[in-house]
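Protein chains: 2
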Amino acid sequence: MKLFQRLGLHTLFFNTKDKRLATSIKMITGRKPLNLSLYRLALTPAGLGEETHKGFRISNERLEFLGDAVLGTVIAEYLFKKFPYRDEGFLTETRSKLVNRETLNEVGIKIGLKKTLEQVIDSRQFIGNKSLYGDILEAFLGAVYLDRGYHFTKKLISQRILIHMDLEEMISTVSNYKSKIIEWSQKESKQIEYKVLQINGNQRYKEFVVELTVNGDSVAQGKGPTKKKAEQEASKNACETLHITI
Amino acid sequence: MKLFQRLGLHTLFFNTKDKRLATSIKMITGRKPLNLSLYRLALTPAGLGEETHKGFRISNERLEFLGDAVLGTVIAEYLFKKFPYRDEGFLTETRSKLVNRETLNEVGIKIGLKKTLEQVIDSRQFIGNKSLYGDILEAFLGAVYLDRGYHFTKKLISQRILIHMDLEEMISTVSNYKSKIIEWSQKESKQIEYKVLQINGNQRYKEFVVELTVNGDSVAQGKGPTKKKAEQEASKNACETLHITI
Chain A
1 MKLFQRLGLH TLFFNTKDKR LATSIKMITG RKPLNLSLYR LALTPAGLGE
51 ETHKGFRISN ERLEFLGDAV LGTVIAEYLF KKFPYRDEGF LTETRSKLVN
101 RETLNEVGIK IGLKKTLEQV IDSRQFIGNK SLYGDILEAF LGAVYLDRGY
151 HFTKKLISQR ILIHMDLEEM ISTVSNYKSK IIEWSQKESK QIEYKVLQIN
201 GNQRYKEFVV ELTVNGDSVA QGKGPTKKKA EQEASKNACE TLHITI
Chain B
1 MKLFQRLGLH TLFFNTKDKR LATSIKMITG RKPLNLSLYR LALTPAGLGE
51 ETHKGFRISN ERLEFLGDAV LGTVIAEYLF KKFPYRDEGF LTETRSKLVN
101 RETLNEVGIK IGLKKTLEQV IDSRQFIGNK SLYGDILEAF LGAVYLDRGY
151 HFTKKLISQR ILIHMDLEEM ISTVSNYKSK IIEWSQKESK QIEYKVLQIN
201 GNQRYKEFVV ELTVNGDSVA QGKGPTKKKA EQEASKNACE TLHITI
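These protein sequences, in sequence, are chains A and B.
Under the UniProt record's numbering, think of the first position of the first sequence as 1, with each following residue one higher.
Under the UniProt record's numbering, think of the first position of the second sequence as 1, with each following residue one higher.
So that you can see chain A by itself, here it is in the shape it has in the complex:
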């Protein structure tokens, strides 16, 4: 069966609609799909799929779960290698900004999922939710993963998805809480100070406890294995306490 598909013989049985869909998918991934039904499933938004006799509604949500994980891993590796000197907090935050619903939605439309979806369903009949194309993008990546494997999906994401994401802008908005606090204190003419309250642990393993005071009053504390991290955490907590928006 696998050989049959690899030779492209399964496309002989495609009807006109299938052929058009397969061509659309090739425009996005660069390769004709081996298992078209996976992609058709990815293009079935929740609430639009048919219900089976047991009340189980077939939709792309399960594929979305899978695609979300694959996308997360590829972006994790990308950021890991691109920023060798940034800590895991930065990596986590940058990734969550990259894969937020709004960005994914835009990327989904940009790579052509809207047009592909229109081939499968009559979109006038369908009131999609706001993150429709973001959801479909993730489900689509899940389908690509099952159809073509991890390596292929990783290449697809690196070459065709990441270029639509404005990494530089994302990073500039990744919150540096300490600088936010300093900025705020200058604007509000407040005196802030970071004090190391405690250093726990032994010679090798240390934990710093830092307190942040505003005009002498303690507003927040933070802990961490370095002074810098403890200060960052104290700043984050202070942003919450003082309702400073990032």
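Check the hints yourself; a few may be wrong.
Note that the list lumps identical chains together, so a pair holds whenever it fits in one copy or between two copies.
What the hints assert, rightly or not - BS3-like mimics (lysine-lysine), calculated; alpha carbons at most 25 Å apart, straight line:
1. LYS32 <-> LYS97
2. LYS130 <-> LYS206
3. LYS190 <-> LYS154
4. LYS178 <-> LYS195
The set of hints was computed from the structure by calculation and includes no laboratory data.
These numbers come from a predicted model, not from an experiment.
Assemble the complex: chain A is given as a structure, and chain B must be docked to it using the hints.
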């Protein structure tokens, strides 16, 4: 360089300590490491790594971020294929139970990371946090991924990690909110009822709004593309309102 490693020639330059560590790693992964320094980094808990002149502390936290993503993807695919008729809510919840800190910690010790860690650091000197071996396990998987690729890591997780996780038990505790509410109502002798308040959408796309009443009083509502999902969500909300613990 790659060929040099594949031929195992790099091991000629290993000192005794390196050789012992490489053997330990082979016991876990089944293959000698190509890049030993990745594994050494994975075995460097946060707070124990050396600080560079710029205040950047080298630790396994970045690798942990990567390994967490890879583990999440492999488990996502495993659950996706194992449970073809369960929805994404079930898959998400089951995965998060499988990769919780406590489980990972146990698995980390079971596959031998404690012994391997003892070769690298003097553990008596080190007060690790509770999730030490879970963190190391994730970082270790990140190292394996960078060293040997996705396919190898996936096989490792399927064959040597998942067998230590008691999937059946996890699943039985995955919360079914509706059954919780029914159980609660019987214990407290309350009358509960699910009512469909609204059905929105058109012929193809539907949204159900369900209300849950207890002794005639509305306690929660839920929405969803099927009646079943809406009831499940209403039950979940009711659990929160009524402080029923899952």
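For this session: If the cutoff is 25 Å on CA atoms, where do LYS190 and LYS154 land: within, between, both or neither? Let me know, please.
Result: Answer is neither: 49 Å inside a copy and 53 Å across each miss the 25 Å cutoff.
Exercise. Between the shortest in-copy and the shortest cross-copy C-alpha distance, which are at most 25 Å for LYS178 and LYS195: within, between, both, or neither?
Worked result: Answer is within: at 14 Å inside a copy they meet the 25 Å cutoff, but 50 Å across does not.
Exercise. From the Cα coordinates, with 25 Å as the cut-off, is the pair LYS130 and LYS206 best called within, between, both, or neither?
Worked result: between (47 Å within a copy, 15 Å between copies)
Problem set entry | Up to 25 Å CA-CA - LYS97 versus LYS32, copy category | neither (31 Å within a copy, 37 Å between copies)
Going down the numbered hints, you'll see the structure goes against 1, 3, while the others check out.
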